[in-house]
Amino acid sequence: MFSGFMIHAWTVATIVAVVAGLVGFFVVLRGSAFVAHAIPNGSFAGAAAASLVGINTLIGFGVFAFFGAFSISALGHRGRHDVATALTLVLMLGLGALFVTLSVEYTPEVYSLLFGEILGVSISQLIPTAGLAVVCVIAIALLYRPLMLSSLLPDVAEARGIATARIDLAFLAVVALATTMTVPVVGTLLIFSLMIGAPAAARSFTDKPLQALGLSVAIALAIVWAAIALSYQTNYPVGFFVGTVSAASYTVGRLWAAWTRHAGIRSPTGPRVGPKYT
Amino acid sequence: MSEALSNGSAPILAVDEVSVSLAGREVLRDVSFAIESGEFTGLIGSNGAGKTTLFRVILGLQAAHGTVLVGGAPRSRRNPLIGYVPQKFQLDPDVPLRARDLVALGLDAHRYGIATPSRARRARVEEMLEAVDARDFADARVGTLSGGEQQRVLIAHALIAAPKLLLLDEPLANLDLRSGHEVVALLARITSEQRIAVLISAHEMNPLLPVIDRIVYLAAGRAASGTTEEVVRTSVLSALYGHHVDVLQVHGRVLVVAGEAGELADTSDHSHTQTQVEIVS
Amino acid sequence: MSAQLAAIFDPGFFTSQIVQVAATVSALAAVVCGTVGVFTVIRGQSFAGEALGDISTTGGSGAFLVGVGPLWGFGVAAVAAAAVMELIGIQRPRGRDLATGIVLGAGLGLAALFLYLDSVYHNTTGATVSIVFGSMFTIASSAIPAVIAFSAIAVCLVAALGRPLLLSSISPELAAARGIPVRLVGVAYLLALAIAIALAAFTIGTILSTALLVGPAAIALRLTRSPARAIAAAAAIGIAATWLSILLAYDSYDWYHQSGKYWPVSFFVVTLIFLGYLMAGLPRRLRRRREIAPDPARG
Numbered sequence: 005m006f007s008g009f010m011i012h013a014w015t016v017a018t019i020v021a022v023v024a025g026l027v028g029f030f031v032v033l034r035g036s037a038f039v040a041h042a043i044p045n046g047s048f049a050g051a052a053a054a055s056l057v058g059i060n061t062l063i064g065f066g067v068f069a070f071f072g073a074f075s076i077s078a079l080g081h082r083g084r085h086d087v088a089t090a091l092t093l094v095l096m097l098g099l100g101a102l103f104v105t106l107s108v109e110y111t112p113e114v115y116s117l118l119f120g121e122i123l124g125v126s127i128s129q130l131i132p133t134a135g136l137a138v139v140c141v142i143a144i145a146l147l148y149r150p151l152m153l154s155s156l157l158p159d160v161a162e163a164r165g166i167a168t169a170r171i172d173l174a175f176l177a178v179v180a181l182a183t184t185m186t187v188p189v190v191g192t193l194l195i196f197s198l199m200i201g202a203p204a205a206a207r208s209f210t211d212k213p214l215q216a217l218g219l220s221v222a223i224a225l226a227i228v229w230a231a232i233a234l235s236y237q238t239n240y241p242v243g244f245f246v247g248t249v250s251a252a253s254y255t256v257g258r259l260w261a262a263w264t265r266h267a268g269i270r271s272p273t274g275p276r277v278g279p280k281y282t
Numbered sequence: 554m555s556e557a558l559s560n561g562s563a564p565i566l567a568v569d570e571v572s573v574s575l576a577g578r579e580v581l582r583d584v585s586f587a588i589e590s591g592e593f594t595g596l597i598g599s600n601g602a603g604k605t606t607l608f609r610v611i612l613g614l615q616a617a618h619g620t621v622l623v624g625g626a627p628r629s630r631r632n633p634l635i636g637y638v639p640q641k642f643q644l645d646p647d648v649p650l651r652a653r654d655l656v657a658l659g660l661d662a663h664r665y666g667i668a669t670p671s672r673a674r675r676a677r678v679e680e681m682l683e684a685v686d687a688r689d690f691a692d693a694r695v696g697t698l699s700g701g702e703q704q705r706v707l708i709a710h711a712l713i714a715a716p717k718l719l720l721l722d723e724p725l726a727n728l729d730l731r732s733g734h735e736v737v738a739l740l741a742r743i744t745s746e747q748r749i750a751v752l753i754s755a756h757e758m759n760p761l762l763p764v765i766d767r768i769v770y771l772a773a774g775r776a777a778s779g780t781t782e783e784v785v786r787t788s789v790l791s792a793l794y795g796h797h798v799d800v801l802q803v804h805g806r807v808l809v810v811a812g813e814a815g816e817l818a819d820t821s822d823h824s825h826t827q828t829q830v831e832i833v834s
Numbered sequence: 135m136s137a138q139l140a141a142i143f144d145p146g147f148f149t150s151q152i153v154q155v156a157a158t159v160s161a162l163a164a165v166v167c168g169t170v171g172v173f174t175v176i177r178g179q180s181f182a183g184e185a186l187g188d189i190s191t192t193g194g195s196g197a198f199l200v201g202v203g204p205l206w207g208f209g210v211a212a213v214a215a216a217a218v219m220e221l222i223g224i225q226r227p228r229g230r231d232l233a234t235g236i237v238l239g240a241g242l243g244l245a246a247l248f249l250y251l252d253s254v255y256h257n258t259t260g261a262t263v264s265i266v267f268g269s270m271f272t273i274a275s276s277a278i279p280a281v282i283a284f285s286a287i288a289v290c291l292v293a294a295l296g297r298p299l300l301l302s303s304i305s306p307e308l309a310a311a312r313g314i315p316v317r318l319v320g321v322a323y324l325l326a327l328a329i330a331i332a333l334a335a336f337t338i339g340t341i342l343s344t345a346l347l348v349g350p351a352a353i354a355l356r357l358t359r360s361p362a363r364a365i366a367a368a369a370a371i372g373i374a375a376t377w378l379s380i381l382l383a384y385d386s387y388d389w390y391h392q393s394g395k396y397w398p399v400s401f402f403v404v405t406l407i408f409l410g411y412l413m414a415g416l417p418r419r420l421r422r423r424r425e426i427a428p429d430p431a432r433g
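Residue numbers (the numbering used here), protein chains in the order written: chain A, 5 to 282; chain B, 554 to 834; chain C, 135 to 433.
Simulated from the structure, these hints should not be mistaken for lab results. All residues carry an ideal CB built from backbone N, CA and C; glycine is no exception. Check before you lean on any hint, since a few could be wrong.
To be verified - What follows is a set of in silico ranges between Cβ atoms, one per label pair, in the way DEER data are often shown: (1) B:S574 <-> A:T210: 30 to 38 Å; (2) B:S574 <-> C:S264: 51 to 59 Å; (3) C:A294 <-> A:A233: 47 to 55 Å.
Said to hold, decoys possible - Calculated Cβ distances over 10 Å to all of chain A for the following chain C residues: (4) V155; (5) W206; (6) L238; (7) S276; (8) L291; (9) A293; (10) P315; (11) L325; (12) S400.
Chain A on its own, in the form it takes in the complex (with noise of 0.2 Å):
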């Protein structure tokens, strides 16, 4: 379980889940799952593309989010991206379910594109993987604090003279940046459970922000390393545990909270965490 290749899976594995967590505690805070969504899954049409005139995947990852992320920015109305990103994914897919069907050789790796194949990571893909997260997590902290000041209350960010367009924009990019170092390896629709359930359960269990970011990293961690252990001994796929382990610690998350609420009503002396006040 630790020897030859799988070792390049437990490397990228963990990559992948500190870019997700630090990512997707972003996403959360912004109510933005339907753009962390679309990102990467509309980016499998590049793969696709990508394959039909023979180039690099990873181009094709990239220049496909990259081209979500603008157009959702482009389309959406002041802030909202709802139909705006509906439209644009599905544009994307419609183009991969284009490119799926002209390359005759492809069809077979449709389903790993979308689901993944984290246990047939090459070294190739461990090094672009590595740069691009770096690239990743020096965009969050830097952005850290405009983001966090747009997201939680956008009028005074504005008032404080953040460009808010432009904040929203930069995270897409990082969305997108995400996005081409990661779907390669865990597949487009997986990333987005990890990018979802890990922060939304990390924001269970506390109240301090850089904690609950801390958190996510970690709990994301723990999904992808229970996930390889449990495909690796099952042999049913990696994105199958991603899934259902990121939906479980989202579970337990609302469970916890929803008992230290019960005990906080029980001893008013303890911490304040459920809606006392109306």
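Let chain A serve as the given structure and place chains B and C on it in line with the hints.
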């Protein structure tokens, strides 16, 4: 530089002949008034009178004709002299953010990078929480606080950057009477203690009358300003509205009543009866 | 004239039973999606629609595994997912985004498992592509009665909900104040949404189903603001887009290097709808450009 400007005789805010048109409709017309340091001013007007637009003009977010001087200099975006407290504020109770975190964000949220924790920083946050009486719920999640508590945290968030002018957009709109009184009293205290100017918008002037030094009354896109006695008079408001209105004193409350139609112009809370119906595609 | 027509409509287009079935099914799906989709856009629940579509992948692959028709799989998975979303809080504006996401993640995990099992037990990988992207030209005519039944249920449901649904979509507070059981209406609407998604997934594939749900409705709402007219327009746009796409796909057989492959209908549907959305936004964008005012006061 800001010290020198605010201590001098120049007003901290001077609005001169400001006009704004939105979607072909004139929202503000030739609005002029000035605010001195340490003054508590009420910006009064019914819904749609242009209060939020005027704030956006002062903050440099809205294109307008006319001049606006903040601390003697032309208005600009990212003006450290201005603190802003928004009207709408909704945060889920599950967002991991304590009251003190939100206040700390007020210090330097426009800077890139992660803040380096320091004793001075913590002390400053503590001082602000103290100033708005928010120590008791400093470690509670912002989303779980009551409207009045959230309002106080937001005021601390704005004050921590040491502004010379504090703008509050309808802070009383969603508060019950008691919390409203507390917030008004808090603001009055801050105004005098910290020698800053406060401009507070409201559609209902009565809760503010005991504490405000001056009033800016907005109606039909135009403004009248001065002390309450100067502005809230039948002659002044009638000229402003463009038709006859009566100003009545009832048990210490001021009512502005439209003339013939007998329509109440400023006595009830309009915000709950008007719902925006908009289909955004 | 007939020669020109023949150039547009390939020989055998109208007599082909495959085309007839595809046209019938897609028209029904377009009407249902138009009706439900207008409310989806007004309620800002595109993500829920998209998630239900993706989750019907789970149902489709599950159905393939046990050997029943995909439409039933789509329907069951979408309805079940809608129920779970409702349970964990789709009614809260910010929370629903998360609720949708969590359910979506878990659903996709299951889809991964089912598709894997499909490939193990049925020794085929084609299932993924046909479930995910749909294959309109392979719909059997025997599926039509079920499609009609599903469509009737969804349209009747929306018609029965009618004005309370509209009011609670525009302003839940206002609806609650007038005594409308907002949550119940929301649940019933989610059911209609799940059925619409199942039909759309059946027609253009699970992950593209959102296009048919949200696209025509979003275009219609850009063109008209009256909800009733928007529903009619959305249905008409949906039918136009799918029929035109069927025609284009039928003609596309020898477009690319004489590849001898039909281009996917779904691709044309999605592209036409996206172009339609961009064009419908042009008038407003032009108007806005004219309104930008001078700014002498800016310091």
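A quick look at each hint next to the structure:
S574 of chain B and T210 of chain A have their C-beta atoms about 48 Å apart, which leaves the hinted 30 to 38 Å range violated. Between S574 of chain B and S264 of chain C the Cβ separation comes to about 56 Å, which falls inside the hinted range of 51 to 59 Å. One distance hint, 47 to 55 Å for the beta-carbon pair A294 of chain C and A233 of chain A, holds here, with the actual separation near 50 Å. The beta carbon of V155 of chain C is kept farther than 10 Å from every beta carbon of chain A, the shortest such distance being approximately 20 Å.
For W206 of chain C, the non-interface assignment is confirmed: its Cβ lies about 22 Å from the closest Cβ of chain A, beyond the 10 Å cut-off. Non-interface status of L238 of chain C relative to chain A is broken: a Cβ of that chain comes within 10 Å, the nearest being about 7 Å off. At roughly 25 Å, the least C-beta separation between S276 of chain C and chain A is larger than 10 Å, which holds for a residue marked as non-interface. Distance check for L291 of chain C against chain A: the nearest CB is about 22 Å away, which clears 10 Å, and the non-interface claim stands.
Every CB of chain A is more than 10 Å from the CB of A293 of chain C (nearest about 24 Å), matching its label as outside the interface. Separation of P315 of chain C from chain A is adequate, the least Cβ-Cβ distance of about 22 Å exceeding the 10 Å criterion. The beta carbon of L325 of chain C is kept farther than 10 Å from every beta carbon of chain A, the shortest such distance being approximately 20 Å. Separation of S400 of chain C from chain A is inadequate, the least Cβ-Cβ distance of about 5 Å not exceeding the 10 Å criterion.
The structure does not agree with the numbered hints 1, 6 and 12 stated previously, though it agrees with the rest.
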